[in-house]
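Following the hints, put chain B in place on chain A, whose structure we already have.
If you're matching them up, the sequences are chains A and B in order. Numbering-wise, the numbering used here puts 35 at position 35 of the first sequence, and it's gapless, one number per residue. Numbering-wise, the numbering used here comes out as the position in the second sequence, counting from 1, plus 264.
One thing to keep in mind: the hints can contain errors.
[What the hints assert, rightly or not] Not everything, but these chain A residues come out facing chain B in the computed CB check (under 7 Å):
#	residue
1	Asp30
2	Ala32
3	Phe35
4	Val109
5	Val138
6	Ala139
7	Pro141
8	Leu142
[Stated by the list, open to error] Simulated restraints on C-beta separations:
#	chain 1	residue 1	chain 2	residue 2	range
9	A	Pro116	B	Thr501	38 to 46 Å
10	B	Arg376	A	Glu185	52 to 60 Å
11	B	Ala421	A	Glu234	46 to 54 Å
12	B	Gln458	A	Arg197	17 to 25 Å
13	B	Gln304	A	Arg43	33 to 41 Å
14	B	Arg376	A	Arg248	37 to 45 Å
Just so you know, these hints were derived from the structure itself, not from any lab. Ideal placement from N, C-alpha and C gives every residue a C-beta, glycine not left out.
Listed below are the residues making up each chain.
Number of protein chains: 2
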Amino acid sequence: MVSQRGPRRETERVPPPEGFRRMRLELAYDGADFFGWQVQPRRETVQGALERAVQELTGRKVRVFSSGRTDTGVHARAQVAHLDVPAGWKPGQLQLAMNALLPESVRVVKARRARPDFHARFDATGKEYRYSIWNAPVACPLHRRQALHVRLPLDVAAMRSAAALLEGTHDFRSFSANPRRDIGETVRTLRQLQVTRRGALVTIKAVGDGFLYKMVRSLAGHLIRVGTGAVSVEETTALLEARRRTARVETAPAHGLCLWRVSY
Amino acid sequence: MVSQRGPRRETERVPPPEGFRRMRLELAYDGADFFGWQVQPRRETVQGALERAVQELTGRKVRVFSSGRTDTGVHARAQVAHLDVPAGWKPGQLQLAMNALLPESVRVVKARRARPDFHARFDATGKEYRYSIWNAPVACPLHRRQALHVRLPLDVAAMRSAAALLEGTHDFRSFSANPRRDIGETVRTLRQLQVTRRGALVTIKAVGDGFLYKMVRSLAGHLIRVGTGAVSVEETTALLEARRRTARVETAPAHGLCLWRVSY
Numbered sequence: 001m002v003s004q005r006g007p008r009r010e011t012e013r014v015p016p017p018e019g020f021r022r023m024r025l026e027l028a029y030d031g032a033d034f035f036g037w038q039v040q041p042r043r044e045t046v047q048g049a050l051e052r053a054v055q056e057l058t059g060r061k062v063r064v065f066s067s068g069r070t071d072t073g074v075h076a077r078a079q080v081a082h083l084d085v086p087a088g089w090k091p092g093q094l095q096l097a098m099n100a101l102l103p104e105s106v107r108v109v110k111a112r113r114a115r116p117d118f119h120a121r122f123d124a125t126g127k128e129y130r131y132s133i134w135n136a137p138v139a140c141p142l143h144r145r146q147a148l149h150v151r152l153p154l155d156v157a158a159m160r161s162a163a164a165l166l167e168g169t170h171d172f173r174s175f176s177a178n179p180r181r182d183i184g185e186t187v188r189t190l191r192q193l194q195v196t197r198r199g200a201l202v203t204i205k206a207v208g209d210g211f212l213y214k215m216v217r218s219l220a221g222h223l224i225r226v227g228t229g230a231v232s233v234e235e236t237t238a239l240l241e242a243r244r245r246t247a248r249v250e251t252a253p254a255h256g257l258c259l260w261r262v263s264y
Numbered sequence: 265m266v267s268q269r270g271p272r273r274e275t276e277r278v279p280p281p282e283g284f285r286r287m288r289l290e291l292a293y294d295g296a297d298f299f300g301w302q303v304q305p306r307r308e309t310v311q312g313a314l315e316r317a318v319q320e321l322t323g324r325k326v327r328v329f330s331s332g333r334t335d336t337g338v339h340a341r342a343q344v345a346h347l348d349v350p351a352g353w354k355p356g357q358l359q360l361a362m363n364a365l366l367p368e369s370v371r372v373v374k375a376r377r378a379r380p381d382f383h384a385r386f387d388a389t390g391k392e393y394r395y396s397i398w399n400a401p402v403a404c405p406l407h408r409r410q411a412l413h414v415r416l417p418l419d420v421a422a423m424r425s426a427a428a429l430l431e432g433t434h435d436f437r438s439f440s441a442n443p444r445r446d447i448g449e450t451v452r453t454l455r456q457l458q459v460t461r462r463g464a465l466v467t468i469k470a471v472g473d474g475f476l477y478k479m480v481r482s483l484a485g486h487l488i489r490v491g492t493g494a495v496s497v498e499e500t501t502a503l504l505e506a507r508r509r510t511a512r513v514e515t516a517p518a519h520g521l522c523l524w525r526v527s528y
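One chain only, chain A, in its complex shape (with noise of 0.2 Å):
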């Protein structure tokens, strides 16, 4: 019996076990049906699920690591994820096994054979996050479970001018909540932050190399109230400068954030 559970830390970059094979695979999932990615005791996370249906399929507990943790609530287009299999099995036989083991709120979309080094965090050199807005003065039932409701008319003019602000290698500690204490650690950079409208969509796109925890949420939280004119666009570079959160940046609800693509 292997077991890639227990005391072993996540920092390690290790290779499969003998007589096993690594496997990429390539995730969606709607985050309302999950207390997010990392396992839970008695909490259906997607992790949880994917390991549960790789021990159901190989008899073997197998860690699944992703590019990054999602929060609860908060969906995924294309997470990335590696694991170890026996080596038996094929990509394409284990997709199909997973897919008829997983509940319909995640899908194995891709699966592929990696190289035994590979690894879905270490490896990744970039994310995109779309943020989904539906600004209307009533909510649609329709968009509700991916779609912040903004009552609000935004003025995305004015989002545009604020994000433009966000762009590049800033240190992020003011859109980030419970950053850690070293300041080097806070510095990313932000390599695309668009906002679009598509009649009472409104999205906002962000691309960068890494992004601290819930720091897409907060810039989408700033660039709402920006939009709303409850603070000014000017007021973004004060607040990036003060490197020190506080309660002028809120964070926007998770069920409006996707995990767009992991590039790698």
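Chain B in isolation, oriented as in the chain A frame:
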């Protein structure tokens, strides 16, 4: 106590009773949460939810008439309905009050005063429906409630060719479930039947002066079979000319269908 229920036939155009004023509503709803439009005992329907809310607000049983019934599971982005409310009610007030009482799965998107003889069904001059298909080997958890998953790759060019043969004024008896006996009544004008693809999402847009029972779902079912190669483009004409519903035409599932617009 003014009651608009009872034996009155729904084919009449009756003005509001004394002291009442006609309102026109635009409604959006998530069909997954309802047993269709029409009131049924002990089952949640859109009409039932609306009439319950109005009764709670006005203390009166008031009938809500829509542009047409939608089946169980069918969604609406902009269904139109009318009802008569005590003259004191203003449209914005009615809208807010109804939305406060209604479940989140149905919203009054707009409300306005209507002419006393306005009738949501009789005055409708056309409708637009959209049928959504998630066309990829694996289903998408984020689209599973509002798009049909079709695993086989769809040949959109073939679907367009078949759609072009269906556009125009035809007897659509072959594309209706349970068609009426009078052949005259199964002639409809399909002004537009468009197929578009955006990534994995294939959308069928149907615009017409009116649609027979399950007609859009039958058209969608046929186009999907053309797209997978189960039937040929050419067979479309033969099916149309047969003026008889057979098993050669499939009714696509309800959850992919959305009433998009009603014109007056």
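Structure-based check of all given hints:
{"no.": "1", "hint": "Asp30", "in the structure": "holds (4 Å)"}
{"no.": "2", "hint": "Ala32", "in the structure": "violated (9 Å)"}
{"no.": "3", "hint": "Phe35", "in the structure": "violated (16 Å)"}
{"no.": "4", "hint": "Val109", "in the structure": "holds (5 Å)"}
{"no.": "5", "hint": "Val138", "in the structure": "holds (5 Å)"}
{"no.": "6", "hint": "Ala139", "in the structure": "holds (6 Å)"}
{"no.": "7", "hint": "Pro141", "in the structure": "holds (4 Å)"}
{"no.": "8", "hint": "Leu142", "in the structure": "holds (6 Å)"}
{"no.": "9", "hint": "Pro116(A) <-> Thr501(B): 38 to 46 Å", "in the structure": "violated (58 Å)"}
{"no.": "10", "hint": "Arg376(B) <-> Glu185(A): 52 to 60 Å", "in the structure": "holds (55 Å)"}
{"no.": "11", "hint": "Ala421(B) <-> Glu234(A): 46 to 54 Å", "in the structure": "holds (52 Å)"}
{"no.": "12", "hint": "Gln458(B) <-> Arg197(A): 17 to 25 Å", "in the structure": "holds (24 Å)"}
{"no.": "13", "hint": "Gln304(B) <-> Arg43(A): 33 to 41 Å", "in the structure": "holds (37 Å)"}
{"no.": "14", "hint": "Arg376(B) <-> Arg248(A): 37 to 45 Å", "in the structure": "holds (40 Å)"}
The earlier numbered hints that this structure contradicts are 2, 3 and 9.
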